[in-house]
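A.B. asks: So you can see what is in the structure, the chains are spelled out below.
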Amino acid sequence: MEIYLPIAQMSVHWLIVLGLGFGVGFLSGVFGIGGGFLLTPVLIFYGIPPGVAVATTASQIAGVTFSGVLTHWKRGTVDFKMGLVMVIAGLVGSAAGVWIFAVLRRMGQVEFGVQASYVILLGSVGAMMLNESIRTWRARKEGRPSHGRSSGQHHWIHGLPLKMRFRQSRLYISAIPPVVLGFIVGVLSAVLGVGGAFLMVPAMIYMLRMPTNVVVGTSMFQVLFVSASTTILHAVDNFTVDVVLGMILILGGVFGVQFGVRWGAKLRGEELRFLMALLVLAVGIGMALQFVLRPEDVYSLSGLS
Amino acid sequence: MRTLALACLLFFAPAFAEQGLTSMLSQDYLQIYSNFQGSEITVFGALENSSDVGPDSLKGQIVVVVRGPDALQTVRKKERVAGIWINRARAKMWLPSYYFVASTAPLANIASGETLRRYELGLNNLQAEVVASDGSARPYQAALVRAQQKSGLYRENPAGVEQQSTAFRVHVPVPASVPRGSYTVEVYLFRDGNVIAAQSTPFYVDQAGFERRLFEFAHQKPLYYGVATVLMGILLGWGSTFFFKRS
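Sequences listed follow chains S and Z, in order. For what it's worth, the numbering used here labels the leading residue of the first sequence as 1153, then goes sequentially. For what it's worth, the numbering used here labels the leading residue of the second sequence as 107, then goes sequentially.
These are calculated hints, taken from the structure and not from any lab test. We treat Cβ as the ideally placed atom computed from N, Cα and C, and that holds for glycine. Mixed in with the good hints, there may be bad ones.
Residues of chain Z clear of chain S, computed beta-carbon distances all greater than 10 Å [to be verified]:
| no. | residue |
| --- | --- |
| 1 | Leu229 |
| 2 | Asn230 |
| 3 | Thr290 |
| 4 | Ile340 |
Covered by chain Z, according to a simulated footprint, are these stretches of chain S (three or more residues, beta-carbon under 8 Å) [stated by the list, open to error]:
| no. | region |
| --- | --- |
| 5 | 1214–1225 |
| 6 | 1378–1385 |
| 7 | 1400–1407 |
One-sided excerpt, in silico: chain S residues whose CB lies under 8 Å from chain Z [as the list claims (entries may be wrong)]:
| no. | residue |
| --- | --- |
| 8 | Ile1155 |
| 9 | Tyr1156 |
| 10 | Gln1161 |
| 11 | Met1162 |
| 12 | Ser1211 |
| 13 | Gln1267 |
| 14 | Val1388 |
| 15 | Val1395 |
| 16 | Leu1441 |
| 17 | Phe1443 |
| 18 | Val1444 |
| 19 | Val1450 |
| 20 | Tyr1451 |
| 21 | Leu1453 |
| 22 | Ser1454 |
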């Protein structure tokens, strides 16, 4: 069963696309991650032009994140003030990212820019996760406590100016780190079509020292707004948002997440993280190989120019 | 160049009056709907007998060319920089976004290379102004032809004209990725290496219905389109969570 994508101007098997959405949703349910960083490369592997893949994944993230934000809102686990600061920085970042994207497109380097960023990001995040999960596993085997992190860390963040009070997080810190973090995540969202939670959540816990219970809700709040704005900006600047593709991915995604969450509950945390690290590394290595191996044809026709 | 040649040919058409050629298409408007998986149009035609020349007038070879709208296309060349393959040089050229040629015999047996080039018959005879950033234009054009052949947009079928006495028929494949725009179908009758009759018929390819409205919406009101996409996504994502609450 094929369906014609009006913006990508190509036909795809809608069941395959639904399956991709489901699969990535399933993994994000299992591992508790957004999944954007898997969805974009998978769509590119499938043959969707990188520009359309990035912009459309952003719309999928917005669609899938909303209900999560609602749930956290009801539980009172969203720090709206922190979220707002990061959203504003994130919006500026996503505008900058969409601009960078348009420049890359004019230079004919979108493919390279997107794939190179993925290789760096997935490579480093994957390596970090693998390292961490192996360390935890070893520690458990030797009967040591798994988190060797001391609480007496150097708080350079507390020396920064522009301090703000975040009541929900019970923090009194400078606004600069959340702004920088929000900005970076915004740029990543626009250039890579990722939500950025896999970067933001650890940063909020270890850098900003936010209480764990508000981290996920607040990060989702930021991701929702930033991916929505990324979608809109890509639609305006690059005409690369394919609504038909986006809707199929959302449908597959929400169902996948539900099944993934149930299935993931059966696995142990460190097994999860180990598998996750392997998955992230595999996607990164797959993309890296495309750079290193001699292409089948050194000439290529740029689509959607 | 080709258009000019064709215009002259059609202008002087009365000169070929003793050898007639008629052709028509199975449809002159191809609409792309959401279930579009590619299609096919058929060109029908007949050679018209002229009594004063006799049965000899029905001899000749037929070439049918279908061209899509010309588009400025960019071909990029990857080079190895520090171990990594990266796009460096590029060339831009105006070439048809779709090209199909069918004939009763291999083109080389029908006319001289010069004639084929003049009418742009055959994938190697497409004339384009190529602006290459590294000087050599030829490999870029060849690469474009290769890429378009791979995606089914360029095709050459030297046995594609089915002929039965005076009637002929050509099936023109239309792949799913067919670009929108106005197309021309040109039918040439060759004898002894010369064009002795020609006819040109237009047809149109466009997205239809829902797809067309979406495409226009996305390009004419991109801000509203972006906002609508996000809202629809949110509604869909939110709505489907109720499905799980019940089950």
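A.B. asks: Check the structure against each numbered hint from earlier and tell me which ones fail, lowest number first.
C.D. replies: Hints 4, 13, 16 not satisfied by this model.
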